[in-house]
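J.: Sequence:
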Amino acid sequence: MSKLVATAAQTIGPYWALIEHPEWADLLRAGGPNEGYAKGERIALSGQITDGDGAPCVDAVVELWQADPEGDYEAGFHGYGRSRCDAEGRFHFTTVKPGPVKGRGNATQAPHVTLSIFARGLMNHVSTRLYFAGEPLNETDPVLAQVPAARRGTLVARPTAPGAWTLDIRLQGDNETVFLEV
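In the numbering used here, the protein residues as written are 1 to 182.
Just to be clear, a hint being listed does not mean it is correct.
Quick list of in silico lysine to aspartate or glutamate cross-link-like pairs, DMTMM-like style, CA-CA up to 25 angstroms [to be verified]: (1) K39 to D59; (2) K39 to D51; (3) K102 to E74; (4) K97 to D53; (5) K39 to D86; (6) K102 to D86; (7) K97 to D26; (8) K102 to D51; (9) K97 to E35; (10) K39 to E176; (11) K39 to D26; (12) K102 to D53; (13) K97 to E70; (14) K102 to E70; (15) K97 to E139; (16) K97 to D174; (17) K39 to E181; (18) K39 to E23; (19) K102 to D59; (20) K39 to D72; (21) K102 to E181; (22) K39 to E70; (23) K102 to E23; (24) K39 to E74.
Just the calculated beta-carbon pair ranges, DEER-fashion [as the list claims (entries may be wrong)]: (25) A75 to G54: 39 to 45 angstroms; (26) G40 to P142: 19 to 25 angstroms; (27) E139 to H78: 27 to 33 angstroms.
No lab work stands behind these hints: they were computed from the structure. Just so you know, even glycine gets a beta-carbon here, dropped at the ideal spot from N, CA and C.
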(Lines of atoms letter the chains of each structure in order from A; the text may use other names.)
(Lines give C-alpha, C1' and ligand atoms only; values in the text may rest on other atoms or scores of the structure.)
Protein backbone atom coordinates (compact mmCIF):
# COMPACT_ATOMS: atom_id res chain seq x y z
CA MET A 1 0.00 0.00 0.00
CA SER A 2 1.41 3.40 -0.98
CA LYS A 3 1.86 6.16 1.54
CA LEU A 4 -0.07 9.40 0.96
CA VAL A 5 2.15 12.45 0.72
CA ALA A 6 0.96 16.04 0.94
CA THR A 7 1.75 18.20 -2.06
CA ALA A 8 2.25 21.94 -2.20
CA ALA A 9 -0.78 24.14 -2.89
CA GLN A 10 -0.07 26.06 -6.08
CA THR A 11 -2.29 28.99 -6.91
CA ILE A 12 -1.32 29.09 -10.58
CA GLY A 13 -0.09 25.57 -11.06
CA PRO A 14 3.49 24.52 -11.57
CA TYR A 15 4.21 27.63 -13.65
CA TRP A 16 4.88 30.18 -10.90
CA ALA A 17 8.03 31.30 -12.71
CA LEU A 18 5.84 32.75 -15.46
CA ILE A 19 4.86 35.66 -13.20
CA GLU A 20 8.50 36.55 -12.74
CA HIS A 21 8.34 38.33 -16.08
CA PRO A 22 6.74 41.73 -15.36
CA GLU A 23 7.43 42.77 -18.95
CA TRP A 24 4.61 40.46 -20.06
CA ALA A 25 2.14 43.07 -18.78
CA ASP A 26 3.33 45.43 -21.52
CA LEU A 27 2.03 44.00 -24.78
CA LEU A 28 3.77 46.80 -26.72
CA ARG A 29 7.24 46.49 -25.11
CA ALA A 30 10.48 46.77 -27.02
CA GLY A 31 11.69 43.30 -27.92
CA GLY A 32 8.22 41.82 -27.42
CA PRO A 33 6.01 40.09 -30.00
CA ASN A 34 4.17 43.36 -30.79
CA GLU A 35 7.25 45.58 -31.02
CA GLY A 36 6.59 48.36 -33.52
CA TYR A 37 2.85 47.66 -33.62
CA ALA A 38 1.33 50.97 -34.71
CA LYS A 39 -2.39 50.24 -35.21
CA GLY A 40 -5.05 51.49 -32.82
CA GLU A 41 -5.14 53.51 -29.64
CA ARG A 42 -2.46 52.78 -27.03
CA ILE A 43 -4.12 52.27 -23.63
CA ALA A 44 -3.27 51.42 -20.03
CA LEU A 45 -5.54 49.03 -18.11
CA SER A 46 -5.40 48.67 -14.34
CA GLY A 47 -7.45 47.58 -11.39
CA GLN A 48 -7.37 46.16 -7.90
CA ILE A 49 -8.25 42.58 -6.97
CA THR A 50 -9.92 42.26 -3.56
CA ASP A 51 -11.27 39.30 -1.63
CA GLY A 52 -14.66 38.95 0.06
CA ASP A 53 -13.52 41.06 3.01
CA GLY A 54 -12.26 43.84 0.75
CA ALA A 55 -8.60 43.01 1.43
CA PRO A 56 -6.22 43.33 -1.53
CA CYS A 57 -5.12 40.06 -3.12
CA VAL A 58 -1.39 40.72 -3.21
CA ASP A 59 -0.56 37.26 -4.54
CA ALA A 60 -3.00 37.29 -7.47
CA VAL A 61 -2.07 37.00 -11.13
CA VAL A 62 -4.18 38.41 -13.96
CA GLU A 63 -4.03 37.14 -17.53
CA LEU A 64 -5.35 39.24 -20.38
CA TRP A 65 -6.60 37.95 -23.75
CA GLN A 66 -7.78 40.35 -26.43
CA ALA A 67 -8.39 41.00 -30.12
CA ASP A 68 -6.55 43.61 -32.17
CA PRO A 69 -8.04 47.05 -33.01
CA GLU A 70 -9.96 45.50 -35.93
CA GLY A 71 -11.51 42.85 -33.66
CA ASP A 72 -9.37 40.05 -35.04
CA TYR A 73 -7.69 37.38 -32.93
CA GLU A 74 -5.75 35.84 -35.80
CA ALA A 75 -4.02 38.88 -37.32
CA GLY A 76 -0.46 39.93 -36.48
CA PHE A 77 -1.23 41.18 -32.95
CA HIS A 78 -0.18 39.01 -29.98
CA GLY A 79 -3.12 39.63 -27.59
CA TYR A 80 -1.88 37.87 -24.44
CA GLY A 81 -0.40 39.38 -21.32
CA ARG A 82 0.14 38.52 -17.66
CA SER A 83 0.40 40.83 -14.66
CA ARG A 84 1.32 40.03 -11.09
CA CYS A 85 -0.57 42.08 -8.50
CA ASP A 86 1.48 44.47 -6.40
CA ALA A 87 1.43 45.08 -2.62
CA GLU A 88 -1.97 46.82 -3.00
CA GLY A 89 -3.48 44.04 -5.13
CA ARG A 90 -3.22 46.18 -8.28
CA PHE A 91 -2.55 44.91 -11.79
CA HIS A 92 -1.39 46.95 -14.81
CA PHE A 93 -1.32 46.34 -18.58
CA THR A 94 -0.15 48.40 -21.54
CA THR A 95 -1.81 47.44 -24.82
CA VAL A 96 -4.01 48.74 -27.65
CA LYS A 97 -7.77 49.15 -27.42
CA PRO A 98 -9.42 46.13 -29.04
CA GLY A 99 -12.07 46.55 -31.70
CA PRO A 100 -15.54 45.03 -31.99
CA VAL A 101 -15.46 41.25 -32.36
CA LYS A 102 -17.72 39.27 -34.68
CA GLY A 103 -19.93 36.93 -32.69
CA ARG A 104 -22.32 34.12 -33.54
CA GLY A 105 -24.77 34.82 -36.31
CA ASN A 106 -24.82 38.51 -37.11
CA ALA A 107 -24.03 39.60 -33.56
CA THR A 108 -21.14 41.96 -32.90
CA GLN A 109 -19.48 41.96 -29.50
CA ALA A 110 -18.44 45.29 -28.00
CA PRO A 111 -14.70 45.93 -27.65
CA HIS A 112 -13.53 44.01 -24.57
CA VAL A 113 -10.69 42.05 -23.06
CA THR A 114 -11.00 38.75 -21.23
CA LEU A 115 -9.34 38.60 -17.82
CA SER A 116 -8.49 35.39 -15.96
CA ILE A 117 -7.66 35.72 -12.27
CA PHE A 118 -5.56 33.24 -10.32
CA ALA A 119 -5.46 33.88 -6.56
CA ARG A 120 -5.31 32.29 -3.13
CA GLY A 121 -8.50 30.55 -2.15
CA LEU A 122 -9.45 29.75 -5.74
CA MET A 123 -9.32 26.09 -6.67
CA ASN A 124 -9.62 27.15 -10.31
CA HIS A 125 -9.07 30.51 -11.92
CA VAL A 126 -12.06 32.76 -12.60
CA SER A 127 -12.68 34.65 -15.83
CA THR A 128 -14.46 37.90 -16.55
CA ARG A 129 -14.56 40.58 -19.21
CA LEU A 130 -13.52 44.20 -19.17
CA TYR A 131 -15.73 46.44 -21.31
CA PHE A 132 -15.13 50.16 -21.91
CA ALA A 133 -17.54 52.76 -20.47
CA GLY A 134 -19.29 54.83 -23.11
CA GLU A 135 -18.81 52.26 -25.86
CA PRO A 136 -22.04 52.30 -27.95
CA LEU A 137 -21.85 48.55 -28.70
CA ASN A 138 -22.12 47.78 -24.96
CA GLU A 139 -25.89 48.27 -25.37
CA THR A 140 -26.18 45.37 -27.83
CA ASP A 141 -23.29 43.12 -26.79
CA PRO A 142 -24.72 39.56 -26.62
CA VAL A 143 -22.63 38.54 -23.59
CA LEU A 144 -23.19 41.74 -21.61
CA ALA A 145 -26.94 41.44 -22.34
CA GLN A 146 -26.97 38.15 -20.37
CA VAL A 147 -25.82 39.96 -17.22
CA PRO A 148 -28.54 41.50 -15.02
CA ALA A 149 -28.53 45.29 -15.51
CA ALA A 150 -27.76 45.92 -11.83
CA ARG A 151 -24.52 43.89 -12.11
CA ARG A 152 -23.19 45.03 -15.51
CA GLY A 153 -21.15 47.79 -13.89
CA THR A 154 -18.82 45.15 -12.43
CA LEU A 155 -17.63 44.50 -16.00
CA VAL A 156 -17.29 48.08 -17.26
CA ALA A 157 -13.97 49.90 -16.90
CA ARG A 158 -14.04 53.63 -16.33
CA PRO A 159 -11.63 56.13 -17.84
CA THR A 160 -9.24 57.66 -15.31
CA ALA A 161 -7.13 59.75 -17.75
CA PRO A 162 -6.80 59.92 -21.54
CA GLY A 163 -6.01 56.37 -22.65
CA ALA A 164 -6.20 54.96 -19.10
CA TRP A 165 -8.97 52.61 -17.91
CA THR A 166 -9.62 51.03 -14.50
CA LEU A 167 -11.71 48.03 -13.49
CA ASP A 168 -11.59 46.76 -9.91
CA ILE A 169 -12.39 43.09 -9.38
CA ARG A 170 -14.09 41.77 -6.24
CA LEU A 171 -13.76 38.00 -5.88
CA GLN A 172 -16.82 37.58 -3.63
CA GLY A 173 -19.18 39.41 -1.31
CA ASP A 174 -20.95 42.72 -1.86
CA ASN A 175 -20.54 44.00 -5.42
CA GLU A 176 -18.84 40.75 -6.49
CA THR A 177 -17.59 40.90 -10.06
CA VAL A 178 -19.58 38.89 -12.58
CA PHE A 179 -17.52 35.85 -13.62
CA LEU A 180 -18.09 33.88 -16.81
CA GLU A 181 -17.72 30.24 -17.71
CA VAL A 182 -15.16 30.31 -20.49
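J.: Which hints from the list above does the structure break, by number from lowest to highest?
T.: Hints 1, 2, 4, 5, 6, 8, 10, 12, 16, 17, 19, 23 are the ones this structure does not satisfy, whereas the remaining hints hold.
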